[in-house]
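Residue numbers (this note's numbering), protein chains in the order written: chain A, 1 to 356; chain B, 1 to 294; chain C, 1 to 281.
Hints listed in this document are in silico derivations from the structure and should not be mistaken for laboratory results.
Note that the structure is predicted; figures quoted are calculated from it, not measured.
Hints may contain errors.
[To be verified] Derived lysine to any residue pairs resembling SDA-like cross-links, with alpha carbons at most 20 Å apart: (1) B:Lys258 with A:Cys151; (2) A:Lys180 with B:Gln263; (3) B:Lys85 with A:Pro330; (4) B:Lys258 with B:Thr6; (5) A:Lys6 with C:Glu150; (6) A:Lys236 with C:Gln102; (7) B:Lys165 with B:Ser192; (8) B:Lys281 with A:Arg128; (9) C:Lys133 with A:Cys151.
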Amino acid sequence: MKKISKTTKSNFITYALVIVAFIFCQIWLKGVIPGFKMGKALRGQMVPICVYIVMAISLNLVVGISGELSLGHAGFMSVGAFTGAVASAWLLGAFAMENEILRLIIAMLMGGCIAAIAGVIIGVPVLRLRGDYLAIVTLAFGEIIKNVMNCMYFSLDGGRLYVAFNDPSLPGKMLIDGPKGTKGVSTIASFGMGFALIIVTLIVVLNLINSRSGRAIMAIRDNRIAAESVGLNITKYKMMAFVTSSAICGMAGALYGLNYSSVVATKFNFNTSILVLVFVVLGGIGNIRGSIIAAALLTILPELLREFADYRMLVYAIVLILVMLATNNPKLRLLIDNIVGKIKGGKHSAKEADKA
Amino acid sequence: MVSFLTYLVNGISLGSVYAIIALGYTMVYGIAKMLNFAHGDVIMIGGYMAYCAAMYMKLPVIVCVLFAMVICTLLGILIERFAYKPLRMATSLAVLITAIGMSYLLQNAALLIWGSTPKSFPQLFNFGSMKLFDGEMIIPGTSVLTIAANIVIMLLLTWFTGKTKMGKAMRAVSEDKGAAELMGINVNQTISTTFAIGSALAAVAGILLCSSYPNLMPTTGSMPGIKAFTAAVFGGIGSIPGAMIGGILLGIIEILGKAYVSQELGDAFVFAVLIVVLLVKPTGLLGKKIHEKV
Amino acid sequence: MSMRSETKMVPTRPVGIVPERDLDHCPVLEASHLGIEFGGLHAVDDFNLVIGKTEIAGLIGPNGAGKTTVFNLLTKVYQPTMGTILLNGRDTAGMNTIQVNQHGIARTFQNIRLFNNMSVEDNVRIGLHNQIKYGMFSGIFRLPTFWKNEKRQHEKAPDLLSILNRQDMADVPAGSLPYGAQRRLEIIRALATNPSLLLLDEPAAGMNPHETEELMQNIVKIRDQFQIAVLLIEHDMNLVMGICEGICVLNFGKIIAKGTAAEIQSNPTVIEAYLGKRKEG
Numbered sequence: 001m002k003k004i005s006k007t008t009k010s011n012f013i014t015y016a017l018v019i020v021a022f023i024f025c026q027i028w029l030k031g032v033i034p035g036f037k038m039g040k041a042l043r044g045q046m047v048p049i050c051v052y053i054v055m056a057i058s059l060n061l062v063v064g065i066s067g068e069l070s071l072g073h074a075g076f077m078s079v080g081a082f083t084g085a086v087a088s089a090w091l092l093g094a095f096a097m098e099n100e101i102l103r104l105i106i107a108m109l110m111g112g113c114i115a116a117i118a119g120v121i122i123g124v125p126v127l128r129l130r131g132d133y134l135a136i137v138t139l140a141f142g143e144i145i146k147n148v149m150n151c152m153y154f155s156l157d158g159g160r161l162y163v164a165f166n167d168p169s170l171p172g173k174m175l176i177d178g179p180k181g182t183k184g185v186s187t188i189a190s191f192g193m194g195f196a197l198i199i200v201t202l203i204v205v206l207n208l209i210n211s212r213s214g215r216a217i218m219a220i221r222d223n224r225i226a227a228e229s230v231g232l233n234i235t236k237y238k239m240m241a242f243v244t245s246s247a248i249c250g251m252a253g254a255l256y257g258l259n260y261s262s263v264v265a266t267k268f269n270f271n272t273s274i275l276v277l278v279f280v281v282l283g284g285i286g287n288i289r290g291s292i293i294a295a296a297l298l299t300i301l302p303e304l305l306r307e308f309a310d311y312r313m314l315v316y317a318i319v320l321i322l323v324m325l326a327t328n329n330p331k332l333r334l335l336i337d338n339i340v341g342k343i344k345g346g347k348h349s350a351k352e353a354d355k356a
Numbered sequence: 001m002v003s004f005l006t007y008l009v010n011g012i013s014l015g016s017v018y019a020i021i022a023l024g025y026t027m028v029y030g031i032a033k034m035l036n037f038a039h040g041d042v043i044m045i046g047g048y049m050a051y052c053a054a055m056y057m058k059l060p061v062i063v064c065v066l067f068a069m070v071i072c073t074l075l076g077i078l079i080e081r082f083a084y085k086p087l088r089m090a091t092s093l094a095v096l097i098t099a100i101g102m103s104y105l106l107q108n109a110a111l112l113i114w115g116s117t118p119k120s121f122p123q124l125f126n127f128g129s130m131k132l133f134d135g136e137m138i139i140p141g142t143s144v145l146t147i148a149a150n151i152v153i154m155l156l157l158t159w160f161t162g163k164t165k166m167g168k169a170m171r172a173v174s175e176d177k178g179a180a181e182l183m184g185i186n187v188n189q190t191i192s193t194t195f196a197i198g199s200a201l202a203a204v205a206g207i208l209l210c211s212s213y214p215n216l217m218p219t220t221g222s223m224p225g226i227k228a229f230t231a232a233v234f235g236g237i238g239s240i241p242g243a244m245i246g247g248i249l250l251g252i253i254e255i256l257g258k259a260y261v262s263q264e265l266g267d268a269f270v271f272a273v274l275i276v277v278l279l280v281k282p283t284g285l286l287g288k289k290i291h292e293k294v
Numbered sequence: 001m002s003m004r005s006e007t008k009m010v011p012t013r014p015v016g017i018v019p020e021r022d023l024d025h026c027p028v029l030e031a032s033h034l035g036i037e038f039g040g041l042h043a044v045d046d047f048n049l050v051i052g053k054t055e056i057a058g059l060i061g062p063n064g065a066g067k068t069t070v071f072n073l074l075t076k077v078y079q080p081t082m083g084t085i086l087l088n089g090r091d092t093a094g095m096n097t098i099q100v101n102q103h104g105i106a107r108t109f110q111n112i113r114l115f116n117n118m119s120v121e122d123n124v125r126i127g128l129h130n131q132i133k134y135g136m137f138s139g140i141f142r143l144p145t146f147w148k149n150e151k152r153q154h155e156k157a158p159d160l161l162s163i164l165n166r167q168d169m170a171d172v173p174a175g176s177l178p179y180g181a182q183r184r185l186e187i188i189r190a191l192a193t194n195p196s197l198l199l200l201d202e203p204a205a206g207m208n209p210h211e212t213e214e215l216m217q218n219i220v221k222i223r224d225q226f227q228i229a230v231l232l233i234e235h236d237m238n239l240v241m242g243i244c245e246g247i248c249v250l251n252f253g254k255i256i257a258k259g260t261a262a263e264i265q266s267n268p269t270v271i272e273a274y275l276g277k278r279k280e281g
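If we strip away everything but chain A, and leave its shape as in the complex, we get:
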């Protein structure tokens, strides 16, 4: 068959969008064109933007594709961030791994692995529940992770790693100091790695969606009883989406943790989970490209509103409410659908003509 399917085309546009945006940002960052150079405030936002894009994609896998509302995804980010910080310091201290890129990759992989384990531990009980109950339990787990992380102590002494729970008296150099969070992290995260992570995430998520497993996940979302009647293993596929998502969150978290010299556990609270959820909902539930755009725009938006300083979060809140009201207004929706329909209808007839 010569026909390129609609999804393949849509995925291609998504990849192209990310790559073009990356090249554009690189030109902007490096100031290749004279007089066009990114400001300092925005430059500091480049890695967080990548992190939030990845977070939004991975949460969309759970909320949009698997159809379960999770309010605790910041917890996985937290696990990843702390694992990444410890892993990086340990690799440098114990194995003298000087190569920053290699160290970053291994730290991110370890962050992903530990977050995936957390995902399994949390997923087993959580995915037995449904709807709002599932949401509240993910919220609860998010808060538990935050509290537990607040009591974790890690230190490195002569290449040996020490761990303690609720006990700050550890020998050597503190890596994680309980409520004070990570300490003296060498900030090895880079925009390039952020871009690479986005691409890897896209490959994993988009390929998963367009495969046998992904179709099973969406079928369960659409109709659980029918999915069971055609022999789909509900728990298996729900777990697959949830754990994949938590692993990706862990990797994003590791990148985030290695972008700042110090991050506290309370940073990854309920509000962070909600923030990412807002990206997903505004970008369109189940729409991966939408998540990317929403995450990027909404991370920059408060920065752009910085001149309004005190008012910016207020404006953000109002914008959020208005967007929700507008996108859910039946009349407005009908209008948009009509316009989109016309554009698409036009294209379609052109194609038909081509064939003939």
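Got chain A sorted already, so can you dock chains B and C onto it with the hints?
Showing chains B and C alone in chain A's frame:
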């Protein structure tokens, strides 16, 4: 032993505040099937209103309380009218995000008006305290007041939903909106009333909370809000006695957990208990079991 | 009670119900003393049924008789509180819905349950899920097994769709199909799971006489082509009497009659309980 009893009373007192907040959550959820995340922030507004009435206007205590209740009731009705009502037909996720937006809005509005430095909430109620066991155990007056307020509210609500016309309409709407409408019940008005009652209760909860923990900030409402929501789910969301039991149990667990397990992990302990309860009984302690018809 | 076969305890094959051509084969389904209780109410009680390997059987009865409950018991949506179900001679005790499907029962639903946001072809592919397998990692990393199996799926789906003349609709979202087409798609999806027994819950509901006529031909065609058994619940007596070789009448959760179309039509109990009231047949 005495210290245990003190913790227990503190727990019941804190739990009573949670219960009053949870009642608002549970009523709104029951009738509008939405998680009103802004509810916790209405508590905060209630606290600030009472603070303003007492500090700037120097009103008597009872007027302060009424003032806060009236403002919050209006606020609740306005929020419902302008943010939630247009979304009656939208997905629950869209409503949830709007509620979150409303929560941000209230918090940031409060931040602009009152600033981020905590206000010290005035001592509205000077009852002194009860001394038991030769003064070894001291129960603050506010604790007694909180528990008493909770019992009164609970009894009033039970009477209201059971006996009055509006209460019956509420139950009908929460059961089946369409059928209720066909029976001539004004659904919009009923939902509005529910928000009004929930918000008035939030004002009371805000004042009681700030009387026991007199640190008033724009974020004061969010954590108690989340915990009260947890309490509502814990007791079985949609159920009024469930919210009451859930709230009180949660308060006791939190205070005892902080006292005997770990100060830092008190909240984690609360959420862990919630998870265990939901796994054993997936719709909460008093929740109805829902069957999906095949 | 006029039916003698009712009193027999052992699931033997009552002559005149299982078609003669199937007598040499193990029956696809043998349900004996099947029942379920909901809080003291016997929704289905002492249900006995044998279905031959290539039989088209009908399950009829007034509304609320427990017909769909029987389907839910056979597919283990509800666990029976009593009785046994033998599927191709194998006891299904302890199996869940998923395992029952993998052992050969596929069904459609009274209130249509499609995967509405997915395309028609994807709905069929979901049906093929356990026929054509590859793992999650082959999918993510696009290993050769992925391409090989996707190709097989892509070839098989139109074949299935063509059985009911639906191949032109492969790319349309299932939820936007007209009602009749949705019912047909549900049948195709069920067929895709490679069943030995197909349960159809009111397949002709909402169809006009012309569509019903086409459906009857299609059911027979499916049986002939796939050599499977069909058990259907239906209120349209023309369809039931027209294609069902054995008919079982249910009232208040109990079987009140079993037999061929002619036998059922002349059965006084059935007429009294069901047909007589509706002045049909």
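Outcome of the hint check:
1. B:Lys258 with A:Cys151: 14 Å, holds
2. A:Lys180 with B:Gln263: 16 Å, holds
3. B:Lys85 with A:Pro330: 13 Å, holds
4. B:Lys258 with B:Thr6: 13 Å, holds
5. A:Lys6 with C:Glu150: Within the cut-off at roughly 16 Å; holds.
6. A:Lys236 with C:Gln102: 16 Å, holds
7. B:Lys165 with B:Ser192: The hint holds at about 15 Å.
8. B:Lys281 with A:Arg128: 11 Å, holds
9. C:Lys133 with A:Cys151: Cα-Cα ~45 Å, so violated.
Taken one by one, the earlier hints fail for this structure only at number 9.
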